[in-house]
Amino acid sequence: MRLGFPRPSLSTFSPILFHANPGRPNTCSSKCLIQPKPQTPLFLRPPTHSVTLSELRKWQNWAKTLASSVGSNFIDADNSPDTILLHRELNWLIEDALENPKPLLTQLGTDCNDEGMVMNLRAELGDLYELWKRRIEERRPFQYVVGCEHWRDLVLSVEEGVLIPRPETELIVDLVTDLVKGDHGELREGLWADLGTGSGALAIGIGRVLGTCGRVIATDLSPVAVAVAAYNVQRYNLQNKIEIKLGSWFEPLKDVKGQLVGLVSNPPYIPSDHISGLQAEVAKHEPRLALDGGADGMDDLLHLCHGATSMLKPGGFFAFETNGEKQCKSLVHYMQNESKGSFCDVSIVSDFAGKQRFVTGFKARPFVNNLHTSCISS
Amino acid sequence: MSSLLLKRSSLLSQNPSLRRHFVTYLFASLSQPQSHHLPPSNRELTVPGSGYGFLGKNNNGSSLISSETSICLSGSFSGLINSTNFRFFGSLAAVEPSTSDGLTVDGIIAHQWAILDESEGDWKSHASAIAQSIHLIKKRLQWKKLIVRLELLSLQIDKPDLWDDPVRAGKISREHGSLMGKMKEVKAFEQELLEHIDMIKLARAENDADLESESVKALFEMRRSAKEKELDALLAGEHDSCSCFIEVQAGAGGTESMDWASMIMKMYKMWAQRHGYGVTIVDEMPGEMAGIKRATIKVDGEYAFGYAKAEVGVHRLVRISPFDSAKRRHTSFAAVAVIPILGDTSTHVQINESDLRIERFRAGGPGGQHANTTESAVRITHIPTGITATCQNERSQHQNKASAMAVLQARLDQLEMARQAQMNAEHTQSLTEISWGNQIRTYVLHPYRMVKDLRTNYEVSDPDSVLEGDIDSFVLTYLSASLDKDEHDW
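Protein sequences, first through last, are from chains A and B. The first sequence begins at 1 in UniProt numbering and counts up by one. The second sequence begins at 1 in UniProt numbering and counts up by one.
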């Protein structure tokens, strides 16, 4: 991933404006044998660049104007950020890029005497111009710009080649938390799996609610994702609890067949021919590998569903994210018919926008097999 | 005890000038009994916290009129109860403290000794100033109610079954401890004053000049700290020390009103930053063209609520609207609400998860992997009350939800406080003041320039500095006015 020209100013850190080919999904090439080195998020870089407050204000005003020029054009085009949101993002960029962002973010900073004050930056001022320009003009996702995504109470490193975890997906951690703190306490100490982990979001979220014996194995086909997930796991000091493995879905889990107490996944679920019509931030910048779920978007969901029957322990829990009502219903239908008797307590859970988003349930215990029809209808 | 209290109030009623001053001087830094000798124009100069320098210069000599022995309220106690053996017993045996020759704090006030400039070093002047402060502090603490409340709490604390309900017991003993602390502090201050007076008299009798000047110096120090205590007493309310949310809502009138709402919000942000409070924007609904429809900020720090509660109400702006091409004069309104964030979690209203409806706010389209947005606003509705809270300024949905929950919790707590206040009449007054709908202040930028508080009639002619967050004088005027107004009610 280090394709940029090394800059002496950033010494140990790779350039923040590395030029990953945005259109290129991270398919495996011969290069993948070398473990990719994850990017350091902007907010964790050392504040080694100095610039005066007035120069910084000039940049801030320029960036605001650029964001204002957007108006609501984007929104009309493909449901993407408007000026208000871009202004908010600009403030977050300032938060991440400055050692002391206060003078730029508070109302008191209008004192003219301070204009010569030296501010410490975590990137060169020139880079900030470039970063914001690419945000607006190329529609590069804000999370890639700052190299991180705030997700739940976590700050996860993300970069091109890794899916930016979505707010909807946060709910899976809530579902698991309710479960292990409620009637299913025994699941706290078992082995969980997060398939297609991406940045490691679900694995880390769940790893933090499990008990001392609870473990998570997270897999991903993309070496970049594996590297980024491992980096995030380290940042939260969960390397003893979470293991990241490179490989497709259940492949890296062959030796724990039938031992999982929990299985979660946010697999690619966008129908292939929808990809090109997605919001520019997604279609042009995020890895297709993490989005494209085949002709009807169900390829990977069905694969997971199928695998879950053999990988989960009886009584084990699963939660899958889907594209919405249609996929939820067809997944439930599949469980009721194709894998009859394998699951019970199957339900559809809506996200906060009221969209049917998740399918959850349990691997049936042998003795409830006869009751599956009543279970499944719930 | 009651007879002593009676004497004290009768003393006040006998002294109309004293009484008038408590009403006249909203800042009431010290209500100088002598100040009525001044021409009225001078009175207008009284500024909060400015001390009493100018008064002293005009009033020397008038202290000669009073005689120490002419009023001796608790003469019968003299000798029996002196400074050292005065104690608070569990049942609040309130015995008026006095000097060895029977001089009490009220006695000092009744003497009307001239309050001179601090530098004059006259002990009677110091004593008089301190006594005035004590009087004011007691009034601000609602002394009589405090005593009644303390007795009530003491009775409950003495009950053997108190700890059957640990939550309630904790609450009672905390309140008891806090009120007791306040009362003891004032009592000790009173005691200290009388001890120093005793020492001065003793020193005079013995011709000990060193001792005398030492004691006068001690009185001088007391006089200074009395000013601080007066201010502290303004913020003695149960929740005054809490952090708070400040909410601003634009009135009808479109862009001009929304611009006004954002000016008001900016005023509070700047005020809070000046005071070193932490300011976080929780919720902000921008207007289409300019300004805000509404916004909520969290103000973090000690006594944020105590001060900010003085801002509750409707704020009115009169100016030539920059949004009106015809340059006409417009009047706009913005409503301000202030909600305390209770620090003590045991007093929080319990919220059932099942009573909540949590919604993604401003969500459109299919969501999930389809969209990549940094917008993760959440609205939480408490179904039984219909109260809602929104947050969209955090960087994750989880944090937006947590912030919105905090706002919701504070709103429900406030609702509960209002409900309890209705049952508990003594709190009603302070809480009716924390409500919407009443116009409290007018800001005129055209045709003349002025900001006037309609509750206190306090006004300044520099709206710019007020809108840049310099609202302390408005806040303090209001707080002292609301606490100092009822002469008979303390």
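These aren't lab readings, by the way, just hints derived from the structure by calculation. Think of the CB as a built atom: it goes at the ideal place given N, C-alpha and C, for glycine as much as any other residue. Among these hints, one or two may not hold up.
Here are the simulated PhoX-like cross-link-like pairs (lysine-lysine), alpha carbons at most 25 angstroms apart as the crow flies [unchecked claim]:
id : chain 1 : residue 1 : chain 2 : residue 2
1  : A       : K64       : B       : K145
2  : B       : K293      : B       : K229
3  : B       : K171      : B       : K182
4  : B       : K201      : B       : K124
5  : B       : K227      : A       : K102
6  : B       : K159      : B       : K138
7  : B       : K145      : B       : K187
8  : A       : K58       : B       : K293
9  : A       : K64       : B       : K227
10 : B       : K227      : B       : K182
Label-pair restraints from in silico Cβ distances [claimed, not checked]:
id : chain 1 : residue 1 : chain 2 : residue 2 : range
11 : A       : V209      : B       : M450      : 41 to 49 angstroms
12 : B       : A402      : A       : H306      : 22 to 30 angstroms
13 : B       : L445      : A       : D178      : 38 to 46 angstroms
14 : A       : T106      : B       : Q420      : 54 to 62 angstroms
15 : B       : S213      : A       : L105      : 52 to 60 angstroms
16 : B       : H446      : A       : L175      : 57 to 65 angstroms
17 : B       : P286      : A       : G116      : 27 to 35 angstroms
Interface residues of chain A toward chain B, partial, derived using beta-carbon atoms under 7 angstroms [as the list claims (entries may be wrong)]:
id : residue
18 : H150
19 : K329
20 : K355
Going through the hints against the structure:
1. A:K64 x B:K145: violated, 56 angstroms
2. B:K293 x B:K229: violated, 40 angstroms
3. B:K171 x B:K182: holds, 17 angstroms
4. B:K201 x B:K124: Holds, at about 11 angstroms.
5. B:K227 x A:K102: violated, 34 angstroms
6. B:K159 x B:K138: At roughly 29 angstroms apart (the allowed maximum being 25 angstroms), K138 of chain B and K159 of chain B break the hint.
7. B:K145 x B:K187: holds, 16 angstroms
8. A:K58 x B:K293: Cα-Cα ~29 angstroms, so violated.
9. A:K64 x B:K227: violated, 48 angstroms
10. B:K227 x B:K182: With a Cα-Cα distance of about 16 angstroms, the restraint between K227 of chain B and K182 of chain B holds, given a limit of 25 angstroms.
11. A:V209 x B:M450: 41 to 49 angstroms: Given range 41 to 49 angstroms: violated, Cβ gap about 58 angstroms.
12. B:A402 x A:H306: 22 to 30 angstroms: 38 angstroms Cβ-Cβ, so the 22 to 30 angstroms window is violated.
13. B:L445 x A:D178: 38 to 46 angstroms: violated, 54 angstroms
14. A:T106 x B:Q420: 54 to 62 angstroms: violated, 37 angstroms
15. B:S213 x A:L105: 52 to 60 angstroms: The hint (52 to 60 angstroms, Cβ to Cβ) holds, given that S213 of chain B and L105 of chain A are roughly 54 angstroms apart.
16. B:H446 x A:L175: 57 to 65 angstroms: Roughly 58 angstroms apart at Cβ, these two residues keep to the hinted range, so it holds.
17. B:P286 x A:G116: 27 to 35 angstroms: holds, 32 angstroms
18. H150: Since chain B brings a Cβ to about 3 angstroms from H150 of chain A, closer than 7 angstroms, the hint holds.
19. K329: violated, 15 angstroms
20. K355: holds, 6 angstroms
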